[in-house]
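Engineer: As you go down the protein sequences, you meet chains E and B in turn. Under our numbering, read the first sequence as residues 1 to 173, first letter to last. Under our numbering, read the second sequence as residues 174 to 675, first letter to last.
Keep in mind that the hints were calculated from the coordinates and are not lab data. For each residue, glycine too, the CB sits at the ideal point set by N, CA and C. The reader is advised that the hints may include incorrect statements.
[What the hints assert, rightly or not] Partial list, computed: chain E residues near chain B (C-beta under 7 angstroms): (1) Leu31; (2) Val38; (3) Thr98; (4) Glu114; (5) Trp115; (6) Val162; (7) Gly171.
[What the hints assert, rightly or not] Residues of chain B placed beyond 12 angstroms of chain E at every Cβ, according to the derived structure: (8) Leu197; (9) Val302; (10) Pro435; (11) Leu519; (12) Met541; (13) Trp553; (14) Ile590.
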Amino acid sequence: MSDLDRADEGADTTTEPAGPDRAQYWVAGVLAALGVVVIVDALRLGGFTASNDPIGPKPVPIILGSLLIVVAVLYALDVARGGRGEGGETDGPFDWRTIGLLCAIFIANALVIEWLGWVISGSLLFWGAAVVLGSRRYFLALAAAVVLGLATFYGFAIGLGVGLPAGILQGIL
Amino acid sequence: MDNLDSLIEGFGAVLTPQNLLIALIGVTIGTAVSMMPGMGTAMAIALLLPITYGMEPTQAFIMFAGIFYGGMYGGSTTAILLNTPGQSSSVVTVMEGFKMARNGRGGQALATAAIGSFVAGTIATVALVFVTPVTVSFAIGLGAPDYLAIMVLALFATASVLGSSRIRGFASLLFGLVVGTIGIDAVTGQQRLTYGVPQLADGIDVVIVAVGVFAIGEALWIAARGRRTKDEIIPVGRVWMGRKDWRRSWGPWLRGTALGFPFGAMPAGGAEVPTFLSYVTERRLSKHKNEFGKGAIEGVAGPEAANNASAAGTLVPMLALGLPCNATAAVMLAAFQTYGIQPGPLLFENESALVWTLIASLFIGNTMLLVLNMPMIPIWVKLLRVPKPYLFAGILFFASMGAYAVNAQPFDLFVLIVLGLAGLAMRRFGLPMLPLIVGVILGPMAERQARMSLQLSGGELSGLIGGPVSWVVYGILALIAVWPLVRFVARRRARDREIVAA
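Kindly produce the complete structure, drawing on both the sequences and the hints.
Structural biologist: Shown next, in the form of structure tokens:
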């Protein structure tokens, strides 16, 4: 076991990944695309100006869009020269499945929160996320979820006046 | 003396049983939340913001002050015990603090961090009392072009000075600025980037941006790759300091404070530089040089004091100019805005009582931390044992609750997950978060100042540059922009000379 650990540590320090991290080109691409979207949206704006506002709402997004495209190009050049970000860990597996499941649970919560109410949808969110993230004590997680849901609803919605929906439990809680 | 009178009135407002209880709750949850691994101070405040929605502004700010110092304190505890800096300003603390904890001196490391934070926080808050009104009287004479210049400097500096890669800083900043333009243009009423979605017309709330990129982004990041890592938690004994530890700590505390506050008070000064400077200074001055790198108490005492003093320092530009210069101040500014309060020079006139109550609560929160929390550290440490699935499920749970509570509309939850995925991508590619959040807040403010300047000059572009203040500010900006070039040339010259000499 300790041998394995040592091998791991050695690997961490020596394998400075060679060559540019090509996935970063996606970032440059997204930045450029965002720049185009911002400029297109700004061009759609009526270019009217008034005496109390000589430039109107147009120039700022156009400047931002142009800068985005410039930064996208520079970014791509930097990546080609082997640049990388601070603390951006590129090695090791990236668990897409967990991310996908978490997003699904999160979106489900957004869809049902008004209908089922925060106590039920929030509890499901917590329970689902805990299970996806590796909890195997299903009942304990469910109990924790329900306690959290009820506690936050009573504490925040009723106690502090934070707006959380009661949903179908309206009148019961 | 006006200030002191107002401050005493502020204390009067805080010192009621109910408000003290609120301060205590703030300190406690601030510590608890930021103790969780992976949670920085800013993230703790962003997550806890919704709790205050039902409160009066005064009470909300008393609670913020508590969360603010509680959050700072919890962050350093995690850093020392887990060897994981929750934020970049804790990086230096970790170097010696974790080694001390390993050598069985964790109690002393935590004690010097806590007492040092208290000393630094108190001195820095006193400095805040005196410096802020001076800044305000300076700021009150500034026109729109000067404000524009200062804001442009703050934006430019957060993107380029902090962090290792300028391009990545600017990428993050521009993304934030674009998010900031979404919504109805305040002057002409035209919709920008809303694509007819009515919920976007008011723009995206800063709280949702902060919770999305900090909290959801972090939770997703850990989910994507954190499962294989296992944190080692070192048990702490009693949290106390011997006579020798006191002797070795008080100097670093004071020097750290002296370094931290001015950096914090500068736009985009940040906490990274002063904590690092403090570390280097203490290593040079120490009589125990050989202990550095193996767990020297000075290396925890100095940087922790610098960190706290700089955090208090950031409140100067935040309150006096409305400029947020670190993530925590950005979230606090967002909190001000949810109450319809605009920080800036007029704040001290319009909301004088509120500001001084906030400052008084900073003192009280800081003291409460020392008195009530230090003996409780061994209990807090148990929080570090919450299993990861529950911890991150809890973050998602509270983040959704907070985001929903902002406007009570499910639409915000979709925005939240999109921003969370953006935060995840930014972590993966090593893009800094701070420029984004500062861009969202300062972008619209800078645009308003620019358009106001042009309005005053009747559309002449020369109106964008005002009096001497803006010339000085643009001068500083030019220096920052040119600096890497100068360094590059200097390095090349030095190399050439070496070659010639050889």
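Engineer: The structure should be examined with respect to each hint, and the outcome stated for every one.
Structural biologist: Evaluation of the provided hints:
no.	hint	in the structure
1	Leu31	holds, 6 angstroms
2	Val38	holds, 6 angstroms
3	Thr98	holds, 5 angstroms
4	Glu114	holds, 6 angstroms
5	Trp115	violated, 10 angstroms
6	Val162	holds, 5 angstroms
7	Gly171	violated, 19 angstroms
8	Leu197	holds, 16 angstroms
9	Val302	holds, 31 angstroms
10	Pro435	holds, 25 angstroms
11	Leu519	holds, 21 angstroms
12	Met541	holds, 21 angstroms
13	Trp553	holds, 20 angstroms
14	Ile590	violated, 5 angstroms
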